[in-house]
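On the provided structure of chain F, position chain R as indicated by the hints.
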Amino acid sequence: MADKKVTALTAATSSATADLAHIITDVATGATNKKITLANFLTKIPGFIGFSDTPQTATDETEPNVTSLLTLLVTTTASTAEMGAGIQGQLKVLVFITDGGDQVLTPDTMNDGTTLTFADAGDAAILMWIGAAGWAPISLAGPGTPGAGPTVG
Amino acid sequence: MADKKITALAAATSTTTADVAHLVTGVATNPTNKKITVANFWNKIPGFIGLSGLETKTGAGAISITVTLTNLISEGVIANQIANGIQSQLKVIVFITDGGTATLTPATMNDGTTLAFADAGDAAMLMWIGASGWAVISQAGTGTPGAGPTIG
Chain F
0 MADKKVTALT
10 AATSSATADL
20 AHIITDVATG
30 ATNKKITLAN
40 FLTKIPGFIG
50 FSDTPQTATD
60 ETEPNVTSLL
70 TLLVTTTAST
80 AEMGAGIQGQ
90 LKVLVFITDG
100 GDQVLTPDTM
110 NDGTTLTFAD
120 AGDAAILMWI
130 GAAGWAPISL
140 AGPGTPGAGP
150 TVG
Chain R
0 MADKKITALA
10 AATSTTTADV
20 AHLVTGVATN
30 PTNKKITVAN
40 FWNKIPGFIG
50 LSGLETKTGA
60 GAISITVTLT
70 NLISEGVIAN
80 QIANGIQSQL
90 KVIVFITDGG
100 TATLTPATMN
110 DGTTLAFADA
120 GDAAMLMWIG
130 ASGWAVISQA
140 GTGTPGAGPT
150 IG
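Listed in order, the protein sequences are those of chains F and R. When we follow numbering that gives the first Met the number 0, the leftmost residue of the first sequence carries the number 0, and every step to the right adds one. When we follow numbering that gives the first Met the number 0, the leftmost residue of the second sequence carries the number 0, and every step to the right adds one.
Same shape as in the complex, but just chain R:
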């Protein structure tokens, strides 16, 4: 293949576990070009995972489905919504300021219709599990074990 800028290459819009990426290992001692499968890259993540995107949502309305973390603030009793996601997308919502209960109604939700965040510190993790919609896979809150948002 003739030399070509990477920006000129055909674009992949998804990956498979067998795909390979270019990696430089031994950076401090003996930098070496290597390939690594996408499976090995994601199955052996060498550190923690962080997310640079953050939505701070104050008041009623739709929360983002393009960033993972939404910090939710209410200034009264409010209603919020979340649109449909894509397969296995994760969404984390943390109710950081309680000015009144925030009731979140996903456009599509598995085994429920609402999540009510009543106390500051209430938090939930949702996963889009397919046609059934957003599934609540984690609830947490301050105080006694079992605290957290209520699924209605």
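Chain F on its own, in the form it takes in the complex:
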């Protein structure tokens, strides 16, 4: 293949575990070009995971967005908000940081439930979009006794 800039290549819009990426190993001592399958790249992550996108702060009736991983919920009064649909396997983290009144979140589509009520500062939830059934709470947490956290209704 003739030399070509990466930006000139055909675009892939998804990837498979057998796809290959280019990696340089032993950078400090004896830099070596290697290929790596995405399976090996993703299942042996060598450090911690971080997300660089700026968290959204959603106050009162502001809907948590579905484009950032983390939304910080703030209320000045009892409030309700909706949330749009995600994409397959998407994770969404919600942390209620300022309690001026309950925040009742009603996702447009929710698995086995219709609402999540955040009643106490510190209440937190992780949701995953599991497909047609919608957002599924896969973790609930909150301060106080074990079992505290937002209420699924």
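Please note: incorrect hints may appear among the correct ones.
Unchecked claim - To give a feel for the contact side, a few chain F residues facing chain R, derived at Cβ under 10 Å:
(1) Lys-3
(2) Val-5
(3) Leu-37
In case anyone wonders, no lab produced these hints; they're calculated from the structure. Fair warning: this is a prediction, and the values are worked out from it, not measured in the lab. Every residue, glycine too, gets a C-beta built ideally from N, C-alpha and C.
Just chain R now, with coordinates in the frame of chain F:
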């Protein structure tokens, strides 16, 4: 651009969703060079995610903020600490051996000051949410629903 070793290129220390990476698709049948945006790469992860780093922490003291998973072992009542993280960093702590309650005090914690791991199997996932510090986004434990570490 003249041919250049990748190790000689300027280093990026972070990425944006619009950045592109080099990918080889159709490996088994018809290997093809393609570009892929960082957004498409991370929004459509083709398998599960695994973490090769593991800290096994026995006894009191600070737990790591450079690996995601810490397996915590107590040999008596102990106190542990965790330093500040970076934006949206995830940290998973699993209390695997209960020789006494392990009380974790993050340097900065959202809506709380401690996490007490009292029973083997207690587990927590923390996320660094910014200036407010580590937020507990998941608690789990063996036994009845709602079991897990206690936030104090």
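Do the hints match the structure? See the list:
1. Lys-3: holds (8 Å)
2. Val-5: holds (5 Å)
3. Leu-37: Check passed: Cβ of F/Leu-37 comes within 6 Å of chain R, closer than 10 Å.
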